Structure formats: C-alpha cells, structure tokens
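A.B. asks: These are the residues of each chain, in order.
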Amino acid sequence: MPLWDWGYALEKLPDLLRALVTTIEITLLASVLAVVLGLLIAVVRQARIPLVDRVLWAFVEFIRSTPLLVQIFFLYFVLPQFGIALSAFVVGVLALGVHYATYMSEVYRAGIDAVPPGQWEAATALSLPRGRTWTGVILPQAIPRVLPALGNYVISMFKEVPLLLPIGVIEVVNQARELGTQSFRFVEMYTIAGILFLLLSYPASILVRRLEGRLANI
Amino acid sequence: MDNLPRIVEVLLEGLPETVIAAVGGIALTIVLSFVAGLALLSRSRVVRGVTRVYVEAFRGTSEVVQLFWLYFVLPILVGIQLVPLFAGVLVLGLNHGAYGAEIVRGAVQSVPRAQYEGAIALNLSPAQRMRRVILPQAVVEMLPPLNNLFIQLLKSTAILSLITVPEVTRQGREVLVPNFGPDIVLIFAAMLVIYLVLAVLITVAMRLAERVAAAKVGRRPSEEARLGATLGAGAT
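These protein sequence lines are chains A and B, in that order.
Heads up: the first sequence runs through residues 1 to 218, numbered per the numbering used here.
Heads up: the second sequence runs through residues 1 to 236, numbered per the numbering used here.
One or more of the hints may lead you astray.
Partial list, computed: chain B residues near chain A (C-beta under 10 Å) [stated by the list, open to error]: (1) GLU56; (2) GLU63; (3) LYS155; (4) PRO182; (5) ALA199.
On the chain B side, residues computed to face chain A include the following (Cβ under 7 Å) [to be verified]: (6) PHE34; (7) GLY60; (8) SER62; (9) TRP69; (10) VAL73; (11) ILE76; (12) ILE80; (13) LEU82; (14) THR169; (15) ILE184; (16) LEU186; (17) LEU192; (18) TYR195.
Sample of chain A residues lacking proximity to chain B, with all beta carbon distances greater than 12 Å (derived) [stated by the list, open to error]: (19) LEU3; (20) GLY7; (21) THR23; (22) GLU25; (23) LEU33; (24) VAL43; (25) ARG45; (26) GLU61; (27) SER87; (28) ALA122; (29) ALA123; (30) ARG130; (31) GLU160; (32) PRO166; (33) ARG177.
The set of hints was computed from the structure by calculation and includes no laboratory data.
All values reported here derive from a predicted model rather than from experimental measurement.
All residues carry an ideal CB built from backbone N, CA and C; glycine is no exception.
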C-alpha cells in the first residue's frame, strides 16, 4: 500500500468539498449572528445601564474564558432538557455565533471608543435622537475601522468549525475521519482537509491585511 | 444538587491532564514564539522563508486538523505513535507558537530605533544588544497579548478530549454525561467554572509578570495592569 494514493485522494475529493461547503455555510451563518449580536452587546454596554452592564460584562468574560468545545456540548446536551431540540448544525451556528459575538463586542467597543467625544457632543447639540446619533454619526465612523479585526475573527471561526465534529456535524474533518475509517487511508484525508483550510484561510487573511492597509490611509 | 460533590470530584480527576497540557503547551509556545519571532526578523532570506512557512501553515489550518494529523497520520508516515497527551502538548505549542511568533516580532519591532542606535554606539555585540537592550523592552510590550494567547491555549486543551486524553472535558463528556444524565446542567456548569478559574489564574500570573518586566526596565506598570492584579480580572 503506497503512502499516498492519488487515485483515492481524487476519488474522495468531491465528498470533502461537499463537507467544505457545510463548513462555509456554518461559518457564514455564525458570522452574521456574531456580527449582529456583538454590535448589540457593544451598543447596550455603551449606555452603561448599572445592572445590565455588569451582567453583560460577566457574560462576555465568562464566554471568552471558557472553551468553545465545552460550550458546544453545553448547548447540545442541555437545551433538550428544556424541551428545545436543535439539530447539530443549528447548535453549531449558535455556539460559534455567540462565542465570537463576545469577541466582536470588544472589537466594536474599541471602535466606538475611538470616535472623538466631539462627535457625541455635536450630535447632542443638534439634538439628534439617540437612534440617529448611533446610525448616522457614531457607527459609520466606528465600523469601518474595526472591519479588519472582524474579518480576522471570521477566519478564526472558519478554523474552529471542526470543533462541531463530536456532536456529529459533517464538516471537513469529520468527513475526512469517516472516509479514513472506511478505507484506513488517513494520510490523504487529513492532509487534504488541512490543505483545504489553508487554501481558503490564507488568501482570506491576505485580503484582510490589504483591507487594513487601505483603511490605514483614510 | 446532591451529586455535585461527586461530579466535581470526577471532573477534578481530569485536572492534572488539563494543567499538564496547558503548562506544557505554554512552555513550548514561549520557546517557539521567541525562536520563530526572532527568526522572522533574521537577515537571512532562507531563515525568514522557512519560518514564514511554519507560521502560515499553523495559523492557516484548523487546530483539530493539526491534532489529528499529528496523532493519526504521523504514525503511518514515520511509524512513531505519540502518547495522546504528548501529541496534544506538541500541537498546542506548535499552533500557539505560530501566533506567538507574530507577537514577539511585533514587540521587537516596536522598540524605538534609537535604542538600537544607542546600543551600537556603545559597541555592544548583536547578542548583547538583543539580550540587554531590545528584549527587556520588547517583553513588556508582548506580555498583554501573550496573556490572551495563553488563555486561548488553555481553552484549546479541551480538544485533547478528541484524542482520548482524560482531561476535564473528557471526564465530563465520557464519564459524567452517561452516568449523571439528569444533572447535565450542573456537570457543564462545573466544567465551565473550572476553566474560568484556570483562566483567571493565568491572568493573575501574567499581570504579575507584567509588573516585574515593567519594573526591570524602570517603568511603572500601566494603570490597567495594577488594577487587574488586584481584581484578578478575567481574559481581556
């Protein structure tokens, strides 16, 4: 048995690519959740409502300090106890989305803090309503600056999708494992899985770096 | 609630493995970060190129893939089966070392140019320049991001459960969940608290290191570092 069988590798490539599509789907859905929820947390925390602020702070720190894998198990095993039965796919999107929302909320916060106080004062002087101040003045200045950081988190999220393997999501690594188990050809499967990740995340990180350079000139 | 002592007991049986994985991983990360970080600044194109390949390969692929590759593929290729815990420490170190390398590189580059020039004017050798002048200042810069990296590493130790290392997550998942089904909320809550405590311990240790490093170059620690050391604030 040769160490590397090209025929076998090519034969199974479509299966792996299909699993890669699942991985990308989860990444994108979780990104949407994280981007929206993260912004929400950041904006609410900016209001500094006494108790709410403490609770959100504790929530963010707790989620960020504990393993994503354990959070995935938690959602997968605990939610059914309360009568909420979700598919592994949905649990994956939720777990990744919430985990990264806490990271992103800190990124947004840094972006919001970087908006000069004069902008807030001007909005008050013009007696803009609170909603307009956010949507018309603060966020349009804060968000472009944090786009590269958000992009980097999306890339990290993509690389963390394989953590959904133990709850049975057929993403790339899980697919590679199943195919490998059938044929005892793990070399090809895991190597291709690794290369697929690299092929997507490396160009993506170069794009983010370019975006960073472009935003630095503004 | 009655089962809580038993649950905690079983989880804590996995604590040594988690701690060994985290401490071993952090030790390897520190070594690799410095070696690769300085290599990224090397004058030799070859050294820079090889290091770049290492850094991008480990940052560009999923940690789970790296773990499976080392644990399942390497034995087929070279005929050496690694002990699960050792494979885990190796992957944690190699993966986070690649991220750490960028932190070290950035910190060394952030030391003001005049410090290099001053060291050259004093006729220090390149090694002395690095060891006596540049690194002590760079270390102060790199400690806060390294704190984040080490907490990431701690959290990553949970993936060792996928290659049968009996650490905290595996104890919970494989031993407790099948036996204490009704107490599932408690099991996972206890698990998360254990990780939270470990993360806080890392932060406290790093804040201490920040103060020592800052004092060594004659600086006062930043306001945030002092506040953090007293509060033991979590990951930042």
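A.B. asks: Looking at the structure, which of the earlier hints fail to hold?
C.D. replies: 6, 12, 13, 16, 19, 21, 26, 31, 32 and 33
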